[in-house]
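Single-letter residue listing:
2 protein chains.
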Amino acid sequence: MTRAGFERVYREIFSFWDGIPEEDRDYICRNSDVFTYPKGKNIHDGSECSGVILVHSGSLRLYMMSDEGKEITLYRLHKGDMCMLSASCVINSITFDVFVDAEEDSECYVISGPAFAAAAERNPAVKIFALETAVGRFSDVMWVMQQILFMSMDKRLAIFLSDESARTGSDTVTLTHEQIARYMGSAREVVSRMLKYFANEGIVEVLRGGVTILDKKRLRQLTL
Amino acid sequence: MTRAGFERVYREIFSFWDGIPEEDRDYICRNSDVFTYPKGKNIHDGSECSGVILVHSGSLRLYMMSDEGKEITLYRLHKGDMCMLSASCVINSITFDVFVDAEEDSECYVISGPAFAAAAERNPAVKIFALETAVGRFSDVMWVMQQILFMSMDKRLAIFLSDESARTGSDTVTLTHEQIARYMGSAREVVSRMLKYFANEGIVEVLRGGVTILDKKRLRQLTL
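In the order they appear, the protein sequences are chains U and D. Residues in the first sequence are numbered from 30 upward in steps of one, following my numbering. Residues in the second sequence are numbered from 30 upward in steps of one, following my numbering.
No lab work stands behind these hints: they were computed from the structure. There could be a bad hint or two in this list.
In this list, chains with the same sequence are indistinguishable; a pair is considered to hold if it fits within one copy or across any two.
Claimed, not checked - The calculated DSSO-like cross-link candidates involving lysine-lysine, where the alpha carbons are at most 30 Å apart (straight line), are: (1) Lys246 / Lys99; (2) Lys184 / Lys108; (3) Lys225 / Lys99; (4) Lys70 / Lys108; (5) Lys184 / Lys99; (6) Lys245 / Lys184; (7) Lys108 / Lys245.
Please model the complete structure; the sequences and the hints are all you need to start from.
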């Protein structure tokens, strides 16, 4: 992409853009690149600073992984969202590792971590932006934690199905039980059991590779 | 406490102190107060901005609570530590509620949230300090989450007992099973069962209102 192309995107996204010197804007653009990731591709595994990732199309999934390979989805990033946790060299106080995968075919703009960090050192506004983005995700993660630790499984699954349906604008959630379990940080068996219960109640219909919501009203009641 | 007293404390704690104007230093000191909290007292319940809390003596416990009153300890604050999550008005992107209790009789310096926020608006260095403090705690919380979600109970309990013993400098951890469970985000029954197993193995001795570590080497092996 051209310098002008990056500039156009960054001016929209970065509240600090017009407040920093022309040479720093130039520096950030010169240290930017466009990447396309196929669905399922691991983009970041915590082992190095992968840079600041900005989603242009598709979606990314951010998750934690245990030594045994168990995953907990923390949040997903869609068009216009930015991943700062993949840029551990920008924010020193982040000492935990996260993984990032492309959930669909995705196109991303990636700013080199050291370059963004250098710009942040020179411009407090850039540093504040980076930290505020990270702290905002802290809130997301706390919400996930609250869900996992405190909420009953029927409520969690109902919320997940409602959110998915609202997000895609479809009554059918085209995810396997295995995928739903992974997004929810649960086990496939638990999700299957609960979906069977929902189906018996006439709330959903379980299809091959998907779940169709039949009774929106009762599903909504379960989320309360 | 006098203006000079606060000034002495803040110069030690706040890396930004000498870099902000005298009038802002004065403003922060004038909006500071000393509070003493008896053991067990709830200091912050998320309903309002309680300000920036600096622990001078004693210790505070930060936790999440479910609708049903189940608690998960996120971390504890000791002498010199600072609580930024209790000052929701300073960091807008924090949208979750935490609770803070005095775990021992504690003396704290509290800076009014709105005053600190105003100083942060005028001085990027203050804002960066606040955000970095919050992001640092993000790492602590992720560690707790990893423990709770991924780690086996024997390992978690061994780590908890080792840490407690190291912290207090005593082989006896004077906490009830109920208290240990609360700190670990687990259930009393689970902790009691695991302590019984440790006792049968000769690793600990379970006393009334406490646990004495008998075999440090084996306890340490369990933490690995």
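Tested hints:
1. When the C-alpha separation of lysine 246 and lysine 99 is checked against a cutoff of 30 Å, the pair qualifies only between copies, where the shortest distance is 29 Å, while the shortest distance within a copy is 33 Å.
2. In this assembly of identical chains, lysine 184 and lysine 108 lie within 30 Å of each other by CA distance solely inside one copy; the values are 28 Å within and 40 Å between copies.
3. Both within a single protomer and between protomers do lysine 225 and lysine 99 lie at most 30 Å apart by alpha-carbon distance, with minima of 24 Å and 28 Å respectively.
4. In this assembly of identical chains, the alpha carbons of lysine 70 and lysine 108 lie at most 30 Å apart only when taken from the same copy (17 Å versus 45 Å across copies).
5. For the identical chains of this complex, lysine 184 and lysine 99 are neighbours both inside a copy (22 Å) and across copies (17 Å), given an alpha-carbon limit of 30 Å.
6. For a Cα distance limit of 30 Å, the shortest separation of lysine 245 from lysine 184 inside one copy, 14 Å, qualifies, whereas the shortest one across copies, 43 Å, does not.
7. When the C-alpha separation of lysine 108 and lysine 245 is checked against a cutoff of 30 Å, the pair qualifies only within one copy, where the shortest distance is 27 Å, while the shortest distance between copies is 52 Å.
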